[in-house]
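Chain A is fixed; fit chains B and C onto it per the hints.
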Amino acid sequence: MRRRFGAVQAVAGVDLELLPGEIHALVGENGAGKSTLAAIAYGAVRPDEGTVQAEGPVGLVHQHFKLIERLRVWENVLLNREPRRGLTIDVPAARERVRKLGEAYGLAVDPDAVVETLPVGIKQRVELLRELDREPTVLLLDEPTAALAPGEIAAFFGTVRGLAARGTAVLVVTHKLAEVIAYADRVTVMRAGQIVARHAVAQTDAGAIAREMVGGDVPALTARGTTAPAPLLAARNLSAGSGTGALVDAGFTVGAGEIVGVAGVEGNGQSALADALAGVLPFAGELSFAGEPLRPDDAPAARLRRGIRVIPQDRRNEALVLDWSVRDNVVLGRQRTLAPSEYGPAARSVIERFDVRPPDPDAAVGALSGGNQQKVVVGRALAGEPKLVVAYQPTRGIDIGAAALVQSRLIEARNAGVGVLLISFELDEIFALADRVLVIAQGRFVGEFARDAIDRGRIGALMVGQA
Amino acid sequence: MSPLAAGVLAVLGLTLVKATPLIYAALGGVLSERAGVVNIGLEGILIAGAFTAVAVSGATGSPFLGALAGVVAGALLAALLAYAATKLAVDQIVAGTGLNIAALAAAAYGLVLVFHQPGASHEVPALGKSGETWLIVLAFVAAAVLHFVLTRTPWGLRVRACGEDPSAAESAGIDALRTRFTAVVIGGAIAALGGVYLSLAELDLYSDGMTAGRGFIALAAVIFGRWTPLGATGAALFFGFFAALQYSLQRAGVPSELMQALPYLAALVALAGLAGRARAPAADGVPYVRQ
Amino acid sequence: MNGVNRLNGFARTRAARDILIAVVVVFGVGSIAMLLAHVSPAVGFGALFDGAFGTRAEVAETLVQTTNLLFPALGIAVAFRAGLFNIGAEGQLILGGFAAGWLGAQFPLPGYLAIPLVLLAGALAGGVWGAIPGFLRARFGANEVIATLMLNVVAVLLATYLVTGPLAQAGGGAQETASLPKPAQLPDLIADSRLTWAFVIALAVAGALRWLLHKTVFGYELRAAGEAPEAAKRAGIDLGRTAFVAMALSGALAGLGGATIVTGVLHRFNTGLSPGYGFIAIAVALVGNLDPLWIVVASLAFGMLQSGGIAMQAEAGVPREVVSLVTGLVIIALAGRRYVAARRST
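Taken in order, these protein sequences are the chains called A, B and C.
Last residue of the first sequence: 467 in the working numbering, with the numbers rising by one and none dropped.
Last residue of the second sequence: 758 in the working numbering, with the numbers rising by one and none dropped.
Last residue of the third sequence: 1104 in the working numbering, with the numbers rising by one and none dropped.
Simulated from the structure, these hints should not be mistaken for lab results.
Please note that the accuracy of each hint is not assured.
A few chain C residues that don't get close to chain A, going by computed Cβ distances all over 12 Å [what the hints assert, rightly or not]:
#1 Arg952
#2 Phe976
#3 Ile995
#4 Val1023
One-sided and incomplete, this derived list gives chain A residues near chain B with beta-carbon spacing under 10 Å [to be verified]:
#5 Ala44
#6 Arg81
#7 Ile153
Glycine included, every Cβ here is placed at the ideal spot set by N, Cα and C.
So here's chain A without its partners, still in its complex pose (with noise of 0.2 Å):
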């Protein structure tokens, strides 16, 4: 089976094989392009030059689940395959083909479930299931383990080595280069749309890789300062939202000084957390912050003005008005306390602090990259002396000079005495930003490690629940 990708912006001059039987795994940084090559050999983008040859269906399991959320798992894995009795849908014979899919695969699934009911890793089998019931000979899978614990990952392979040795061909994108090593058969790294480096993976190691995907070192975090954290924020049986991203009776503190991360797997209570601290859910229990208590119904004007800073998860739904330019977007939130002659220096403050590129303050917000959008966002949220940063995910999706930047200015502003509450989905920021660490499962905190004391297994071990 041979396999040809072309050109476009984002890949150019692009080949690929991939081989029955194999875990594929392909690196890169965000941006670099793999996401595209990955559509494209789906065949959801069309390449501008190039060909695609593949043996049988190919098979995609996105990042961002293609799950319709309120309808079942079996309306989901069967879309526009259903089996037909006349005009209607046979949907005992559905039910059934899903549940011996499932049994096959070992991916057990109640088929009447509304999938807006399961939990995230579940619903990854739902899709995983979806895709099996075409019986690809090529399986694409984008970022697979993003939402899933440590102990989840090792299942998952377990799973996808089961389907590479009935001959399936697999290509696993990612960035986690860890899951590259123990995992995949051969790997290729991507930068800038090109192809840089092919590897059996016996005969690397992550650290040659993670140059290959930067083209040169990795850059180095600011050092981190010697601090004496005083009390600032302190949750007693803090409680918000409901349903199965609900925060039940957390209990933590956040000093001034230092960075607390909290570690846990997608979806188990760290957005109510940060809604609950940025104002826009009410939350059960007590909130004291600098020595006064929060109250359970502020608005988020109300946290603002006590000098909390919200970075959102979602940078351009819930951070940034993409039409507005970078002056407008660095002063909202403070749109009430700057004078309109203050915007512009406020701007350029932020474009010089955070190297915002291009250092236009009048450009268009949603013209600018993924990374440079971000900054815009850490930067406004750390302009005008906050006391508190709750960062959520702050460096998703961006390149690792940026993250590597945002960490550093977080750094700095612990150094200098703000309270940064880290809430990530990636072990490896926490650890290398954390004071503190936090495990978070099914919305309680069910550990705590302070930095020099870290377990990476057994941290993996809470986020999934088991004590």
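Chains B and C in isolation, oriented as in the chain A frame:
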């Protein structure tokens, strides 16, 4: 029969009469919105159905042909909206509003061209009492059929998928734009029957403004009925009841304008009372653009 | 310098394209409609332009129609900029007109106060009528599109009821108020025409609105709420309050328009005072790209269609409904822009 019982019966009978055009329009709206297209143009489709039915019935002498033409006109108008909403990915609410204005004006223009008089047509051959009864019965049949189609058939599942998440639907090989287009056009044909009912069954002529905002009440019925055919039918009956009530209360001396406002006020209250609890299809009103 | 550049870029891109589309639709569809009525488009449009600009009086009448469209169009633009569809300008305009007419005719208001009070009454009534869907939206999350559509119908019924019933001034069930005394009538701008100082007021309001939207914190927050509601909410902007205020302001502008028609043009309220200004104004707002300055230009164009349409009907025998027909189609043609960001959460 006691006067009270007779009065109650009269109101219930009138409820059916007043609810029928609302049911058709609401069913058309449900199908369209389940596929992800908000059809603010229901009022315009009612107008198109009502006017075309009268014009063709007057020209051919056949109310049946007139009714058929009304349905075709509604489907064509819906196709215009569907084209704008799918191929052009325009703002559906703005486009639907334009459709209403254009349809009202086109009918007024048509009155002058076809009947050579502004304001209202002359009387034309109508469907008569039996035709009215059939159309009332057909409305309920249509509701049941639509319910069956949406919940039991492959096409219904596809329509729902497109209304929830067209991008996911396309990743399963469904042509979301075509599915949406088809659903809006069929919805337009169903809604146009409401217009046909108004002009050829309840009356035998077209006059400017005769739809009187029923398309908007139907939109409220779609929401009140939680985007289901049976729910929307129930909501249409509810609003139809208030429309029927106005005739009884009017006789009791309550000023007519206030009574005419009743169904609209009921719809407003329903809208406010239900908002937040009823969930629209996730991609309802959101244009889908292929990547 | 910068501002001029941006204006140039703007005119070259979307605004220019939208205007071109609108012109094509007006002449294309208008011609077809005229041919259906067996009138040559040259004759039809000739009569229309002649009727709009032929004499001094006709130019004045075009400016009257411009004024009548400008107020509701500005109101619609405010709501759209805040991310809300106010389709209810027609009802707000009618109730504004009624409040102005009733107050002006009912009480002998002192000279210098009469006009401001009458205009204020109109703005207040329209504002209340706009605030109702704003409140339902802010408090219950009720869909403002359907609410405003229904409130249009209710507004006409309410005005009719009030003017013929409990607040009747004219006898015999007439659907109008008594006429306004001289001090409550807006003075003429051009003698012997219907053009009054309302035109100047409308231009001033357009300028003020542009300043409000682009130079004040209120405008900044309103636009943020419209463009990116989730981001605005997290930036401390109260979406519910913004929705309420925007809808009230939107309704007030339409109501003010109704009041100027009453004090300036008709000198009394009549239930038929609007031939659908509130709907045509949607097209005006869209063609004007929701920018008050461009809306002034767009209202002139549609004002011309309105005043010329009457002449076209009289002179060329083309029913004037063709104007509404092309207006509706212009709206469909210009719907291809994302006017309102994602559905807001509250």
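Each hint, compared with the structure:
no. : hint    : verdict
1   : Arg952  : holds (41 Å)
2   : Phe976  : violated (10 Å)
3   : Ile995  : violated (8 Å)
4   : Val1023 : holds (39 Å)
5   : Ala44   : holds (7 Å)
6   : Arg81   : holds (8 Å)
7   : Ile153  : violated (24 Å)
The earlier numbered hints that this structure contradicts are 2, 3 and 7.
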